[in-house]
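Trainee: Now for the letters of each chain:
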Amino acid sequence: MPLTDSLRDDILASVPSLRAFAISLSGNGDRADDLVQETLLRALANIDSFQPGSNLPAWLFTILRNLFRSDYRKRRREVEDADGSYAKTLKTQPAQNSHLEFEEFRAALEKLPQDQREALILVGASGFSYEDAAAICGCAVGTIKSRVNRARSKLSALLYVDGAEDFGPDETVRAVIGGSGG
Amino acid sequence: MKDVKSQASKSAAPGKQGGLNAEIQSRIGHQLRAMYDDVVRQGVPDRFAELIRKLDVAKPDPQLEDTGDQTNKNDGRD
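Same order as they appear, the protein sequences are chains A and B. The first sequence begins at 45 in the working numbering and counts up one residue at a time. The second sequence begins at 1320 in the working numbering and counts up one residue at a time.
Just so you know, these hints were derived from the structure itself, not from any lab. Treat the numbers as computed from the prediction; the structure is a model and nothing was measured. Note that beta-carbon positions come from the ideal geometry of N, C-alpha and C, so glycine has one too. Just to be clear, a hint being listed does not mean it is correct.
Below, a sample of chain A positions facing chain B; criterion: calculated Cβ distance under 8 Å [claimed, not checked]: (1) Ile55; (2) Leu56; (3) Val59; (4) Ser61; (5) Ser68; (6) Asn72; (7) Leu84; (8) Phe149; (9) Arg196.
Simulated restraints on C-beta separations [said to hold, decoys possible]: (10) A:Pro96 <-> B:Leu1374: 35 to 43 Å; (11) B:Asp1365 <-> A:Asn193: 23 to 31 Å; (12) B:Ala1341 <-> A:Leu56: 36 to 44 Å; (13) B:Ser1345 <-> A:Glu147: 14 to 22 Å; (14) B:Val1363 <-> A:Asn110: 33 to 41 Å.
Just chain A, with the same shape it has in the complex (with noise of 0.2 Å):
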């Protein structure tokens, strides 16, 4: 459809949201500018494939989510060094609890395979249903739920000492426990 003033206001509206999302996913702030703006280019130059009544958030998550991991792909190395730099600055935080307990989680979430926590962020964050997350991620409702999943059971490991009674490594302490009755 043609980019009318409404349709062009609600894109706008949606910006706050991609811009979350484009940090949950890249944990970086300017990265993340940098792929709302391109987002907002793809989405504008391909206005006309957009079919009205259709769920536009949805649409532009799309756009965005694919543009993130084409340019994942491309620049998995400096992703690598990115990281690094960013786990420098998490150390030179000031140590305020509630604060330390947000760099905790971030960094929690950044450990996350790139499929459970795009799901995690579009269902528990973005609030999109079930649905439209497996369309945005192109795959089947199922693979999503088992996405959320995992990915809630392994930020409750990483985060928790109770969560990991849903892990693998739950073997090995049953080995050393078991080991040291002998």
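Could you slot chain B onto chain A? The hints should help.
Mentor: Below, chain B without anything else, positioned relative to chain A:
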């Protein structure tokens, strides 16, 4: 060993259904939304408002030339 495991989950999530600890899950959900909403609350940076305004102005008026669009058909693929 089974006893140890069930005790741990009982003490961590009293009265909740099986699987992941409900209290931990609600904390994770809360932190995830807090992190996300923190960015959402920043609104639309000028950079993006300007970008869309500029593109809007740059768009040719379809009433003046009805073949203008055909020359620039690029879906953005490499």
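Trainee: Each hint: holds or not?
Mentor: Hints versus structure:
1. Ile55: Since the shortest Cβ distance to chain B is 7 Å, the answer is holds.
2. Leu56: 6 Å, holds
3. Val59: Val59 of chain A check passes; min Cβ-Cβ to chain B is 5 Å, inside 8 Å.
4. Ser61: 6 Å, holds
5. Ser68: Because about 6 Å separates Ser68 of chain A from the closest Cβ in chain B, which is inside the 8 Å limit, the hint holds.
6. Asn72: Violated - the Cβ of Asn72 of chain A stays beyond 8 Å from chain B, reaching only about 12 Å at its closest.
7. Leu84: 6 Å, holds
8. Phe149: 5 Å, holds
9. Arg196: Holds, about 6 Å.
10. A:Pro96 <-> B:Leu1374: 35 to 43 Å: Since Pro96 of chain A and Leu1374 of chain B have Cβ atoms about 19 Å apart, the given range 35 to 43 Å is violated.
11. B:Asp1365 <-> A:Asn193: 23 to 31 Å: Violated, at about 40 Å.
12. B:Ala1341 <-> A:Leu56: 36 to 44 Å: 38 Å, holds
13. B:Ser1345 <-> A:Glu147: 14 to 22 Å: Taking Cβ atoms as reference, Ser1345 of chain B and Glu147 of chain A lie about 20 Å apart, which means the hint holds.
14. B:Val1363 <-> A:Asn110: 33 to 41 Å: Violated, at about 22 Å.
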